[in-house]
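These are the residues of each chain, in order.
4 protein chains.
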Amino acid sequence: MAVKVGFIGTGGIGGAHLNALKTFEDVELVAMCDVVEDRAKSRANEFGGKPFTDFREMYDKVDMDAVYICTPPFAHGEQERIACEKGVHMFIEKPIAVTLEQSIIINDHVQRSGVITSVGYHWRYGGDAQAALSVLKKEKKILGALGYWMGGLPGTPWWRVRAESGGQHVEQTTHIFDLCRYMVGSDAELVQGVANSGSITDVPKYDVDDISMVNIKFKNGAVANIASSCAMQGWGRVHLEVFCRGLVVTIGGGGPLINRGGKAEEVKQVPGRDRDRVFIDAVKTKATSKILSPYADALETFKITMAASKSFLTGKAVDL
Amino acid sequence: MAVKVGFIGTGGIGGAHLNALKTFEDVELVAMCDVVEDRAKSRANEFGGKPFTDFREMYDKVDMDAVYICTPPFAHGEQERIACEKGVHMFIEKPIAVTLEQSIIINDHVQRSGVITSVGYHWRYGGDAQAALSVLKKEKKILGALGYWMGGLPGTPWWRVRAESGGQHVEQTTHIFDLCRYMVGSDAELVQGVANSGSITDVPKYDVDDISMVNIKFKNGAVANIASSCAMQGWGRVHLEVFCRGLVVTIGGGGPLINRGGKAEEVKQVPGRDRDRVFIDAVKTKATSKILSPYADALETFKITMAASKSFLTGKAVDL
Amino acid sequence: MAVKVGFIGTGGIGGAHLNALKTFEDVELVAMCDVVEDRAKSRANEFGGKPFTDFREMYDKVDMDAVYICTPPFAHGEQERIACEKGVHMFIEKPIAVTLEQSIIINDHVQRSGVITSVGYHWRYGGDAQAALSVLKKEKKILGALGYWMGGLPGTPWWRVRAESGGQHVEQTTHIFDLCRYMVGSDAELVQGVANSGSITDVPKYDVDDISMVNIKFKNGAVANIASSCAMQGWGRVHLEVFCRGLVVTIGGGGPLINRGGKAEEVKQVPGRDRDRVFIDAVKTKATSKILSPYADALETFKITMAASKSFLTGKAVDL
Amino acid sequence: MAVKVGFIGTGGIGGAHLNALKTFEDVELVAMCDVVEDRAKSRANEFGGKPFTDFREMYDKVDMDAVYICTPPFAHGEQERIACEKGVHMFIEKPIAVTLEQSIIINDHVQRSGVITSVGYHWRYGGDAQAALSVLKKEKKILGALGYWMGGLPGTPWWRVRAESGGQHVEQTTHIFDLCRYMVGSDAELVQGVANSGSITDVPKYDVDDISMVNIKFKNGAVANIASSCAMQGWGRVHLEVFCRGLVVTIGGGGPLINRGGKAEEVKQVPGRDRDRVFIDAVKTKATSKILSPYADALETFKITMAASKSFLTGKAVDL
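Residue numbers (our numbering), protein chains in the order written: chain P, 277 to 596; chain U, 277 to 596; chain E, 277 to 596; chain F, 277 to 596.
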């Protein structure tokens with residue numbers, strides 16, 4: 277029997293999930309909800325399901341096993357709460373919120389309801405990340421990591437508005453923060469951050485940071501710095517480097533690259549997993565062990581980026 | 277008439293200066309002081325001057341215009357104070373001390389005495405640094421910088437003992453911290469740091485950090501992160517990258533590399549200057565404008581590294 | 277028609293509320309829930325209502341307009357959530373929780389449900405507090421305050437266990453923290469705290485602070501220090517002093533005392549209000565303006581004490 | 277043979293010392309230096325010695341064993357340095373400086389020269405302080421202290437200018453900070469402070485804090501809060517309370533008051549010592565054990581007040 281799936285937020289990253297799901301024979305798309313009515317209708321035409329502009333109405337009228345929540349960061353909250361009440365499993369795109377309070381409340385609903393959740397930290401599922409992890413797990417001690425998301429300014433209008441996206445480190449570099457936690461194998465206990473702005477003066481409503489650097493101290497002692505910039509042009513650096521004694525492991529853009537003692541080391545290739553397939557399987561079987569980023573885990577990544585936002589403003593270190 | 281120069285600490289970096297000075301026709305080496313008597317004598321044989329093992333005796337017995345102080349970090353203090361009292365100009369190797377109190381006291385002697393000082397931040401004099409600076413000076417706003425000194429463990433015995441060197445960020449990466457201040461054109465107002473150790477367990481007396489990351493907020497708003505590691509093997513990264521909108525300037529290892537809007541930009545080559553020649557000329561002419569790192573300026577770099585040491589321990593941000 | 281009131285936690289402070297409520301002709305006590313079965317039964321005998329040991333059962337079986345939640349600090353959460361779901365108004369004793377996450381989640385339920393809430397910060401209702409407030413409201417600027425709860429160790433077993441009460445500043449001095457916010461008329465933006473222990477070694481399970489001091493910076497600029505100690509014997513100091521230019525207002529232990537320019541100033545007496553009467557009236561009329569401490573307001577006081585706990589541990593200032 | 281004493285700064289507190297010294301038969305006043313020429317001359321007429329307006333000239337022309345430095349806080353530095361060079365012992369009024377750098381440099385001169393120093397923390401010499409100390413020394417554990425200097429605005433013009441006095445906590449409350457260190461028997465490791473101003477708008481050039489509170493964590497675990505205000509009128513509180521289990525010891529304004537277990541406890545009276553007599557005796561005998569506040573010790577008190585100033589500005593805790 278097919279898994280019935282509803283959709284909230286069908287633009288942007290939502291389209292990527294829809295294209296994946298339509299190839300799954302065991303998935304039936306039963307609802308397409310989008311605040312843009314035309315998009316809801318055209319998505320419904322293309323992928324199936326009834327179109328909605330109001331997710332409350334969608335939840336009321338359509339019976340579903342799972343929902344994909346692919347709305348912008350500021351729009352989270354009520355849609356997750358109702359899913360929890362109705363026992364609808366959720367795939368949620370990152371970042372999970374723009375305020376810490378909101379994410380704590382959603383997490384409470386999730387834990388209380390027992391619905392299956394998977395957050396869209398897809399880097400974790402990549403073959404390069406899995407291969408890197410297998411190398412790092414054999415090491416005695418992970419010293420630390422350097423991560424980067426430095427590039428140009430995305431076109432999405434809400435991206436550049438702090439109240440709507442949280443800024444680059446919350447919305448985009450969150451993948452690197454999350455990958456860093458995953459590779460280091462520990463949660464953060466201390467966050468320190470600095471940020472600067474003022475070079476991008478020609479973009480309306482832009483009020484986020486042009487550049488930022490975030491230091492993290494993990495509970496297992498590992499340390500990291502993660503740099504973000506959206507002021508670059510025609511130049512980019514998006515990857516994570518993990519350091520052990522005599523070992524540099526680079527994840528991002530193919531690979532991973534393993535440099536041990538100055539020489540490239542061959543690493544056994546590991547096939548990546550499809551995040552949508554993993555989620556649908558979990559919904560079908562109720563076995564969740566292959567979901568790499570359930571809500572409570574994603575919350576730990578989100579806490580780091582929220583602590584960084586606070587540190588940018590106050591200059592103080594923030595304890596988690 | 278030749279400039280009479282004495283030397284305290286003739287090993288290590290001292291040798292490099294001696295080899296440079298011996299080529300200057302207007303310099304006479306008049307004293308070679310080293311706690312290792314044999315080295316003092318052999319240096320005296322090779323380069324001239326009377327050998328000493330006690331710098332107090334040297335100052336008493338030999339008349340000199342200038343002194344090179346190339347002792348290890350922990351040994352600074354009295355030798356600078358006596359030079360100030362006697363009006364002897366000083367070339368001092370970095371780092372200038374291992375405690376903040378010591379450096380404040382020396383700086384007071386320096387300012388009060390009016391002797392000419394030059395600290396061994398030689399990266400500033402390089403053609404690549406000068407060319408990079410000429411590019412950056414034309415930019416409206418410098419956003420920030422990423423700097424690195426990641427490599428292996430130096431052999432010098434005192435280097436690996438925190439009380440003697442201050443650790444890698446104080447002794448070695450100080451060049452990158454200093455270059456960053458120079459390129460950004462501002463002093464630090466806030467320092468945040470994290471560090472980790474425990475992977476280098478086979479080196480006697482080793483008690484410094486294996487890896488560290490330091491965030492800096494400068495008074496002009498620019499931000500930076502500078503990473504250090506001495507746990508690498510056969511792999512290294514030692515340079516500074518400065519970021520403006522659409523511009524990445526890399527200093528270190530030739531160049532500089534200028535990437536503007538995704539394309540390499542030609543930069544007018546600038547010849548480097550010899551730090552020893554600049555110092556000797558300043559001593560001769562009393563015109564100090566070409567000295568790029570007088571003591572009071574080097575103190576600002578040293579304050580950053582001392583604040584970082586404090587932050588490593590407490591987890592707190594440190595205001596300068 | 278009488279207001280139907282249930283009770284959860286009938287010992288300690290619960291008894292005080294019961295004795296007040298039994299004098300109200302418009303209140304009918306319909307349920308007495310206590311984990312101690314004998315107490316539940318004897319309270320039911322004395323004050324009316326059905327006895328319960330499980331609040332879930334109570335909510336299921338008894339219809340009520342309002343509930344008094346007088347359980348120890350660590351026991352909050354589920355009982356508030358169910359009241360919100362059922363639309364039962366709540367009088368809740370302080371402190372409202374022992375973790376920040378818990379209080380954020382309860383507050384979300386409260387705001388979403390729209391039930392009337394009143395938290396047991398009874399100092400606010402006193403005639404001395406109201407008279408003091410009327411004096412302070414006429415002042416141009418409130419500079420700051422000094423508050424104290426210094427006395428002996430209460431006998432309640434859970435009080436001395438940090439995980440159960442949060443410690444003295446969270447459980448007891450919270451009245452002074454709350455009164456300080458009320459008098460200063462602003463919320464905290466910064467909290468700094470220090471604490472010490474080790475003099476009370478003869479009390480089993482005791483693991484809270486013997487003494488603590490908490491600095492607060494309020495958003496309107498006012499500053500305060502609030503000291504707690506439970507290591508005193510036969511000596512106590514429990515009051516709040518508020519300072520303006522040339523004015524000292526003392527609340528606690530009768531009064532208030534108004535010292536202006538060195539002389540006692542007469543203040544117009546203001547009758548206090550009964551917190552239970554105010555709550556019952558609000559439940560009857562749905563007019564909540566006389567409730568001085570709704571849940572969302574009490575949360576702001578709780579945030580200060582939680583920030584203090586964090587600062588005691590880390591030594592850092594905490595931004596709210 | 278009489279001890280030859282010079283004087284720099286003969287107004288204010290200087291007068292108090294002069295009146296004490298003139299009663300000592302073994303003291304000869306040999307120089308009176310004051311930037312106000314008339315005062316220098318009239319002091320010289322009254323107490324003896326040659327008048328000067330420039331302390332450099334005084335040191336050059338008059339031979340002396342000891343000097344009293346009673347200038348305002350901002351004027352310290354050169355006069356101490358020259359005394360050190362000439363081997364002249366120093367009695368120095370508090371506060372010892374207005375910047376930390378200045379005090380570190382002076383301390384270096386003092387330690388290097390070996391001159392005897394005594395700083396004017398006269399509360400330490402009082403009979404009440406000595407009696408309190410004898411009580412506290414018998415206690416197993418000192419929990420903490422609360423200190424106050426709350427009163428009106430002193431008339432001295434430089435007092436109300438931050439750059440000249442450092443503000444109330446640096447200039448005046450420094451006595452309470454110092455007494456707290458002395459009673460607690462430990463140095464500070466952490467300082468947190470908040471301050472507010474804006475109620476004193478009618479005093480020209482006034483730019484200091486109207487009120488402040490400073491938390492201190494000492495190395496032995498004891499905690500303290502010390503409150504200052506100069507915005508009071510006709511009301512004051514100037515004392516220190518020290519807390520142990522079941523014990524409150526109050527120093528200031530007679531006493532000390534000892535409250536043990538709720539009852540006043542008699543304490544053996546201890547005669548106070550004259551700070552000037554102690555200093556002169558130390559100069560004569562070179563036995564310094566009775567000097568209770570040599571420069572290096574006073575520096576530890578000064579560090580606390582400087583850390584407080586930093587914390588007022590940044591909101592951060594400061595590690596010493």
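Just to be clear, a hint being listed does not mean it is correct.
It does not matter which identical chain is meant; a pair holds if it fits inside one copy or across any two.
[As the list claims (entries may be wrong)] Cross-link-like lysine-lysine pairs, in silico, DSS-like; alpha carbons within 25 Å at most:
1. LYS579 x LYS416
2. LYS495 x LYS586
3. LYS481 x LYS416
4. LYS481 x LYS417
5. LYS417 x LYS495
6. LYS544 x LYS337
7. LYS326 x LYS417
8. LYS539 x LYS562
9. LYS562 x LYS413
10. LYS560 x LYS417
11. LYS298 x LYS586
12. LYS298 x LYS562
13. LYS413 x LYS544
14. LYS417 x LYS544
Bear in mind the hints are in silico, worked out from the structure with no lab data behind them.
Now the hints, each set against the structure:
Neither within a single protomer nor between protomers do LYS579 and LYS416 lie at most 25 Å apart by alpha-carbon distance, with minima of 27 Å and 35 Å respectively. Taking the shortest Cα distances, LYS495 and LYS586 sit within 25 Å of each other both inside one copy (20 Å) and across copies (17 Å). When the C-alpha separation of LYS481 and LYS416 is checked against a cutoff of 25 Å, the pair qualifies only between copies, where the shortest distance is 21 Å, while the shortest distance within a copy is 48 Å. In this assembly of identical chains, the alpha carbons of LYS481 and LYS417 lie at most 25 Å apart only when taken from different copies (20 Å versus 45 Å within one copy).
For the homomeric pair LYS417 and LYS495, the shortest alpha-carbon distance inside one copy (13 Å) is at most 25 Å, but the shortest distance between copies (33 Å) is not. For the identical chains of this complex, LYS544 and LYS337 are neighbours neither inside a copy (49 Å) nor across copies (62 Å), given an alpha-carbon limit of 25 Å. Within a single copy, LYS326 and LYS417 get their C-alpha atoms no closer than 52 Å, and across copies no closer than 51 Å, so neither meets the 25 Å cut-off. For the identical chains of this complex, LYS539 and LYS562 are neighbours neither inside a copy (44 Å) nor across copies (51 Å), given an alpha-carbon limit of 25 Å.
Proximity of LYS562 to LYS413 under the C-alpha cut-off of 25 Å is found in neither arrangement, the shortest distances being 28 Å within a copy and 60 Å between copies. When the C-alpha separation of LYS560 and LYS417 is checked against a cutoff of 25 Å, the pair qualifies neither within a copy, at 38 Å, nor between copies, at 54 Å. Proximity of LYS298 and LYS586 under a CA criterion of 25 Å is satisfied in neither setting, with 41 Å inside one chain copy and 49 Å between copies. Proximity of LYS298 and LYS562 under a CA criterion of 25 Å is satisfied intra-copy only: 21 Å inside one chain copy versus 52 Å between copies.
When the C-alpha separation of LYS413 and LYS544 is checked against a cutoff of 25 Å, the pair qualifies only within one copy, where the shortest distance is 14 Å, while the shortest distance between copies is 48 Å. Within a single copy, LYS417 and LYS544 get their C-alpha atoms as close as 21 Å, which meets the 25 Å cut-off; across copies the closest is 46 Å, which misses it.
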